[in-house]
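Student: Spelled out from the first residue to the last, the chains are:
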Amino acid sequence: MSSNSGTAASWSRTLVAVGVAGCLAAILTLGVVYVRSWGDAPQTPSHDAWVDQAHTSLDEVSSDVATVQLLLRLVDDGDVMSHYQRVVVLDSETAAGKVADHLSGEQPSQADGTTYADVTGVLSDAGDLLSSVRLAVIRQDTSQYQALERALTKMQDRLSKAEGEVPS
Amino acid sequence: MSKLFALALGVLTAIGGFVDIGDLVTNAQVGARFGLSLAWATLLGVLGICVFSEMSGRIAAVSGRATFDLVRERLGPRVGFLNLTSSMLVTFLTFIAEIGGVALSVELIVSVNYLLIVPWVGVAIWLILWKAKFSVMENVLGLLGLALVVFGVALWQLGPDWGALIHQGVTAHKPGDEHLSTYAYYAVALFGAAMTPYEVFFFSSGGVEDGWTAKDILTMRVNVLVGFPLGGLLSLAIAGSAWLVLGPLNISVDTLGQVGLPVAAALGKIGLSVALLGFVAATLGAACETGLSVGYSITQYFGSQWGKYVKPREAVAFHAILLLSVLTGVAFLLTTVDPIAVTEMSVVFSAVALPLTYFPILVVANDSDYMGERVNGRIANVLGSVFLVLVVVAATAAIPLLIYTRMGQ
Numbered sequence: 001m002s003s004n005s006g007t008a009a010s011w012s013r014t015l016v017a018v019g020v021a022g023c024l025a026a027i028l029t030l031g032v033v034y035v036r037s038w039g040d041a042p043q044t045p046s047h048d049a050w051v052d053q054a055h056t057s058l059d060e061v062s063s064d065v066a067t068v069q070l071l072l073r074l075v076d077d078g079d080v081m082s083h084y085q086r087v088v089v090l091d092s093e094t095a096a097g098k099v100a101d102h103l104s105g106e107q108p109s110q111a112d113g114t115t116y117a118d119v120t121g122v123l124s125d126a127g128d129l130l131s132s133v134r135l136a137v138i139r140q141d142t143s144q145y146q147a148l149e150r151a152l153t154k155m156q157d158r159l160s161k162a163e164g165e166v167p168s
Numbered sequence: 001m002s003k004l005f006a007l008a009l010g011v012l013t014a015i016g017g018f019v020d021i022g023d024l025v026t027n028a029q030v031g032a033r034f035g036l037s038l039a040w041a042t043l044l045g046v047l048g049i050c051v052f053s054e055m056s057g058r059i060a061a062v063s064g065r066a067t068f069d070l071v072r073e074r075l076g077p078r079v080g081f082l083n084l085t086s087s088m089l090v091t092f093l094t095f096i097a098e099i100g101g102v103a104l105s106v107e108l109i110v111s112v113n114y115l116l117i118v119p120w121v122g123v124a125i126w127l128i129l130w131k132a133k134f135s136v137m138e139n140v141l142g143l144l145g146l147a148l149v150v151f152g153v154a155l156w157q158l159g160p161d162w163g164a165l166i167h168q169g170v171t172a173h174k175p176g177d178e179h180l181s182t183y184a185y186y187a188v189a190l191f192g193a194a195m196t197p198y199e200v201f202f203f204s205s206g207g208v209e210d211g212w213t214a215k216d217i218l219t220m221r222v223n224v225l226v227g228f229p230l231g232g233l234l235s236l237a238i239a240g241s242a243w244l245v246l247g248p249l250n251i252s253v254d255t256l257g258q259v260g261l262p263v264a265a266a267l268g269k270i271g272l273s274v275a276l277l278g279f280v281a282a283t284l285g286a287a288c289e290t291g292l293s294v295g296y297s298i299t300q301y302f303g304s305q306w307g308k309y310v311k312p313r314e315a316v317a318f319h320a321i322l323l324l325s326v327l328t329g330v331a332f333l334l335t336t337v338d339p340i341a342v343t344e345m346s347v348v349f350s351a352v353a354l355p356l357t358y359f360p361i362l363v364v365a366n367d368s369d370y371m372g373e374r375v376n377g378r379i380a381n382v383l384g385s386v387f388l389v390l391v392v393v394a395a396t397a398a399i400p401l402l403i404y405t406r407m408g409q
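From first to last, the protein sequence lines are chains A and B.
Position 70, counted from 1, in the first sequence is what my numbering calls 70; the numbers after and before it change by one each time, with no gaps.
Position 156, counted from 1, in the second sequence is what my numbering calls 156; the numbers after and before it change by one each time, with no gaps.
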């Protein structure tokens, strides 16, 4: 009898423990689904918020361009395996694309219209350039690397210039 | 001789097992932006984890029982439940980050999208947790994690101005273009990354799994007081090499691939291959530890049988929770949530959960009913109290800083 009640108590503890774990897991999963549903609504930031976002976006894309520049330099020196190259360049391209999409999806105030066009334009060009680098890296088309490195350097200058032109 | 071997093995696995995805990403991020000016936060975190791991290891060795087992008994079910939920949620978030970290590491080796790798990582982790012996799992992954020493070699090879680097670390000089709030945010993140709650749960439960007794306290102390600080040096090497290679190019670290670039710059393909081995071993080891910690904490609280040292049929709840955790973690990652963002959140929320994790350990370690003559001495209590104040400050500041700096932007 006592053995039966001991087994029952043990199973009841087991069920409660698994139940609590299941509930916590469900809460977390629902949480992440909820958080991931943010961002679908159109954003209309104030002037200050938009300017702030423009600076952040230019910084982030500049970092992605610099990463790919460094990568190409290392590839030139034979320091990086081909699979690694692909992942780094693809990650940078994806990250830059997300930043550009996010900023261009915003609705700036009328006063920021010109800056909006300039910033989203340079971000889009940077994304295109990173796509070209990705194509060359995956094809192992080393003949293009030097030209791409030069293009990346120019793009860095454009990004810096664009950042300087966004009001602070 | 065998005692010496066990001591050396323990220290080496403590070093190799110290770094996880949170340390890799946070130290590279901070290193690229702040250099070694936040080294104090890492060192403080390492000292803190040494203090509390020593206490929880001593509790396990003296009482033969793990932390959660005693927290509920000593502080009652309500406080125990608060302790359980906060620590467990953070540990589970860390578990998800580690699974993602393994997948991202393998992606760098095979260049297959990490989302296709995640389910296989889940299967591998579950098999290790189900089948591998505790000591084999701990030692093999810990030793392979030592591959991350390559960051130290890379730092040396990059030939930094050591005087300037040390000066930056000692003076904690913040780069002029960074805000104080961002500096504070990353200080809290580094502190949280070093003092992740799962480390004490795993350490204390692992002690019970390994059958520690009071005779093992010296070995345990050597593991903690030598292994963890040396592991902390690895964190600083990651930050230092990121500062030298990524810092001058204004690269902000958002991917695991960027973390390895300084090693490639210093040591080429061979160094990068070793770093990749270290990434896989460190994240896989930490994934196993966090997965086990989730199972440990829940079953210990509810008084169910737990541990890898008992047969699965005798620890049904424990193994069911391990399986459920792996499945949920994999499902969570397959929502395409960014594993690096999960990692960043997990280190900040670690800081939030710290007081609820460490206060009960301090209470139990001071209870002579459990600890007998091994109760906390004056030094342990002073250090424990100082760190309790620090973790309360970090926990209070974490969320406001997260919001104000928009996750350190």
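One should not assume that every hint holds.
When the alpha-carbon atoms are kept at most 30 Å apart in a straight line, the in silico DSS-like pairs for lysine-lysine are as follows [said to hold, decoys possible]:
hint	chain 1	residue 1	chain 2	residue 2
1	B	Lys-215	B	Lys-131
2	B	Lys-215	B	Lys-3
3	B	Lys-215	A	Lys-154
4	A	Lys-98	A	Lys-161
5	B	Lys-269	A	Lys-161
6	B	Lys-311	B	Lys-133
Everything labelled a hint here was simulated from the structure, so no lab data went into it.
Student: None of the hints should be skipped; say for each whether it holds.
Tutor: Now the hints, each set against the structure:
Proposed proximity of B:Lys-215 and B:Lys-131 is supported: the alpha carbons are some 29 Å apart, at most 30 Å. About 12 Å separates the Cα atoms of B:Lys-215 and B:Lys-3, which keeps this hinted pair within 30 Å; it holds. Restraint check for B:Lys-215 and A:Lys-154: the C-alpha separation of about 66 Å exceeds 30 Å, so the hint is violated. Of the supplied pair hints, the one linking A:Lys-98 and A:Lys-161 holds, its CA atoms being roughly 21 Å apart against a limit of 30 Å.
Between B:Lys-269 and A:Lys-161, the direct Cα distance comes to roughly 35 Å. Violation of the 30 Å bound is thereby established for this hinted pair. A distance of roughly 11 Å separates the Cα atoms of B:Lys-311 and B:Lys-133; the hinted pair therefore holds under the 30 Å criterion.
Hint compliance for this structure: hints 3, 5 are not met, and every other hint is.
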